[in-house]
Amino acid sequence: MRAHQKSFVTHLQNSLFKSGWTIAVSIAIITSLAVGIVSIHEIISTKRETLKGLSFHLSTLIDSNDRIEVLRLLSSISRNDNSDVSLIVDDIEFANSYNNERLDQKFIKDSHIIEVFGSFLNSKHLIIYVPILKTIYAPQSGILVYRLPIKNLLPKILISLFVSFTLSIIALYYLNRRLKIAIDQSLSPLEDLQKEIRNFQNQDQKSSEISIIEFEEIRQTIIHSKKELKLANEKVASQKAKEINSEIYRRLIHDLQNPLAALKTMVSLISSEETNESIKSEAIDSIIPITEEILNQIIAAKKNFEFDCKSLISTDLRVLIEETIKQVNAAFPSAKNKIVFESPSAPVFYPCDKSTLKRSLINIIENGLEVCRERIDISLMQTRGCTSIFISDDGNGLDELKFNEMISGKGFSNKGDRQALGLSSANHIVQIHGGKLINQRSQLGGACIEMRLGQI
Amino acid sequence: MNRWIIFLFFLLIENGFAYSKFVKGVYSLPITFDPIKMNDTSSLLVSNLIYEGLLKFTGYLEIKGAIAKNWTTSPDGKKLTFYLDKNKKFHNGKPVLASDVVFSLKRNLSNESLVRKFYDCIEGVNENTTGNGTKEIGIREKDSHTVEIILKYPFPAFLNVLAGATAKILPKSHLNDVFFNHPIGSGPFVYAHRSGNEITFVSNPSHERTSQKITHFVIRESPENEAILLAKKGKVHDLANWPLSSNNEIFKLGKRITSPVAATWIIGLNTKKEPFVKQDIRQKFKDDFDSEKFRSTFYPDAYPAFGYIPPGLPGYRANAKNDKEITPSKSSPTLIEIAIPIELESHKKMGTLIKEMMAKKGWRVKPVYLDWKTLMEGYTAKTLQAFLVSMNMDYPDPEFLLQNFESHNPDNFSGLNNPEIDHLLKIARMEKDRIKRKETNTKLIELIDNASVTINLFHPRANYWVSNCVKNFKSNILSDVYIDYSEIEIEDCK
Chain X
2 MRAHQKSFVT HLQNSLFKSG WTIAVSIAII TSLAVGIVSI HEIISTKRET LKGLSFHLST
62 LIDSNDRIEV LRLLSSISRN DNSDVSLIVD DIEFANSYNN ERLDQKFIKD SHIIEVFGSF
122 LNSKHLIIYV PILKTIYAPQ SGILVYRLPI KNLLPKILIS LFVSFTLSII ALYYLNRRLK
182 IAIDQSLSPL EDLQKEIRNF QNQDQKSSEI SIIEFEEIRQ TIIHSKKELK LANEKVASQK
242 AKEINSEIYR RLIHDLQNPL AALKTMVSLI SSEETNESIK SEAIDSIIPI TEEILNQIIA
302 AKKNFEFDCK SLISTDLRVL IEETIKQVNA AFPSAKNKIV FESPSAPVFY PCDKSTLKRS
362 LINIIENGLE VCRERIDISL MQTRGCTSIF ISDDGNGLDE LKFNEMISGK GFSNKGDRQA
422 LGLSSANHIV QIHGGKLINQ RSQLGGACIE MRLGQI
Chain W
8 MNRWIIFLFF LLIENGFAYS KFVKGVYSLP ITFDPIKMND TSSLLVSNLI YEGLLKFTGY
68 LEIKGAIAKN WTTSPDGKKL TFYLDKNKKF HNGKPVLASD VVFSLKRNLS NESLVRKFYD
128 CIEGVNENTT GNGTKEIGIR EKDSHTVEII LKYPFPAFLN VLAGATAKIL PKSHLNDVFF
188 NHPIGSGPFV YAHRSGNEIT FVSNPSHERT SQKITHFVIR ESPENEAILL AKKGKVHDLA
248 NWPLSSNNEI FKLGKRITSP VAATWIIGLN TKKEPFVKQD IRQKFKDDFD SEKFRSTFYP
308 DAYPAFGYIP PGLPGYRANA KNDKEITPSK SSPTLIEIAI PIELESHKKM GTLIKEMMAK
368 KGWRVKPVYL DWKTLMEGYT AKTLQAFLVS MNMDYPDPEF LLQNFESHNP DNFSGLNNPE
428 IDHLLKIARM EKDRIKRKET NTKLIELIDN ASVTINLFHP RANYWVSNCV KNFKSNILSD
488 VYIDYSEIEI EDCK
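Chains X and W, in that order, give the protein sequences. Taking the numbering used here, the leading residue of the first sequence gets 2, the next gets one more, and so forth. Taking the numbering used here, the leading residue of the second sequence gets 8, the next gets one more, and so forth.
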């Protein structure tokens, strides 16, 4: 994954929750302010209604000029919530709960900063004016002035603000978490699709239906594409096989051209009356080797026909080489610890027929094992746009002439009196993969055969 | 144990430990320390310092428990049960018991009690005598800390009576002939000693209200001008006992705390003395007296008095009567002596004004300047023809003032004897419905007004002077008698 890349889930979550905590905090603040405003409204309404309830009784006390009872009543109201209460009659302070000095003095109206739900707010008090009415139709007997200290009101408001803010944040956080989990869960069909795409190259992997319509359509498209690709591969493979076969025939014809021409010359010499006996004798002696060479070429070509690319699948060559080495070690116990593979850290993919390429590699390694003393090094590289597998041994080396004979099927096995077809087959396989075998001198002192597989 | 605490406290205080002295100027020292004989401001002031009753008034005249921690009233309103605070102790350390309460309240019913009229609602108390009837007095000890009071009829204002300055509880076991030489109570201050024109009290350390804010409380008797001089020098901290005008120069130095006061200044007329035996003469004298001139000359801050009841009480009259009849009578040739207290700064000017004002109307008036004690003796003995006094209230109910005109009330300064007034007073006392009670009182006031036994001069607006060193001084509508001195602090103003 590159540094700027991120998963679809992360991208979706980041898109949805772009502003992070800013929106959540803003919502919480707005909610708590709304709760605070409602609290203030409730406090004011409740106080006003309570005081209105006393209105009728107070009006009768005003009528009877019973200041003493009014003082007692206002005092008990005030004591309940540390408020200051005044009763104003004809603009004179008839009674109050906090200061006898103001009694019978002209009422001085409190200054205020703002009006809040029909009451007034200054720096010290919330002030509520309640008219004193004998009946709902009667004129006003007086005014009750109720002053609640802000310091008494503030804790209640702050507590409600704090509680509502905290609860909002908790609720939003919980919703956030639930949403993220829901996003994760809702994207599982996407993972199924992801898996499907990943398994695109694997023909045998079974897939199951995806519950999301759109994703299911994509899956069906992938399945169809898989089938088409398979057919296409088969066509390509078939086409390639035809091309390869044509190439084999062409090479065979090319390779046979010289020995057949030589054979014709020998027969001509033998059948000519002008040819002397010694030359005739040499000619007769060379007919069998030439004929054997022709036969070997035909046998090698025949063998090459056996190797057919069925389909080319992108394969991690590191894995292929490791499997090949295991197979060789299993078949040849003496090979254990001799074969050293320097595997690259990153995968090296190449489209190939895994089994045939493995076969080719086995042949080359086997050859190496036959000639090596202690060690065979295998390395995998991508150079000059090509993918190459190097198989080096610490044997005596392989000269170019012998190498060419062997890859063309003309060589003889060290193991017995038979044709050495291993390298020839390997060469053929590499060629049908678009590559070739190259002989080099190994750093270990022996031979180094490069399996150059062509550009990716 | 409490005695030792008080003794040690005295010792510490006398030796200058945490010493703070508050001096209140008064125009007269208390006439008596006996609550049942108290009728003057200084006596009532001292009563509230050293004694406590079952109940008391708060600054806003609510009734709270004092010696009584709690009380209940029966559904019919006739039985009151008081549960005493078991932590209450007298200054000598002895606990306050139900027996002390019963004893003290029964004293209020005695012959010598000036306040017995307030208690004649109690069962067994005869209106005409003083509890010497055959029926048992309805003041009982239920247990050592529970007292029951049984009333003849439900009397809504009775709790006010028990919170007043005269319904104080004294230690039964200590009451003897010399008790009032060195009185003991359970109040926030303890009587210490008397020296010349000063009486000293010290803070009661075991009283729950006392926070040692003032260790020494001194009342100092002096004329008004001398008191003002002492206040300027910082030797007096409180001049609330004097009715100062707001423009008095002393207010440039200290604090002016103003407040309405439930009081009426009057010139009382004695119906037992000529020429005031006749109602029409009294009416004429009253009509010829220019109250407004008197008020505006000497007490311009005060409110005009159009009736006997002060403002803020049912029965208060805010305006003069429009339908006032013109009295056809002539003035009387009899010399009329009007007693004026010498403790008032302007007493001579007052006398001169009254004399000249009434002379213009054909009256022969002679102002007589008496010290307060002498004046009160004459007031009580009903030997004065007319007198200038302030009618303050012991408790905030019009009933207190109207009872002055009940014919058998020893405090009936006018000697008025009107059966209709007596009857209405009885009805008003028993009436539970506040509105109906107000209506009855209105009729009473009308009758009393028509009887012309008082010339209503003004309702004072108090201008209390206190020093800048004084903190937590809160006025009381009843008067300076009820100011809670246990809450006052005094700072060092040097």
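Think of the hints as simulated: they come from the structure by calculation, not from any bench. Please note that the accuracy of each hint is not assured.
Below, a list of computed lysine-lysine pairs in the DSSO-like style, where the Cα atoms sit at most 30 Å apart [as the list claims (entries may be wrong)]: (1) W/K96 to W/K113; (2) X/K53 to W/K439; (3) X/K135 to W/K443; (4) W/K443 to X/K152; (5) W/K71 to X/K53; (6) X/K125 to W/K481; (7) W/K445 to X/K107; (8) X/K110 to W/K481; (9) W/K71 to X/K48.
Predicted model only: the values in this text are computed from it and were never measured.
Could you check the structure against the hints above and give me the numbers of any it violates, in ascending order?
The structure breaks only hint 4.
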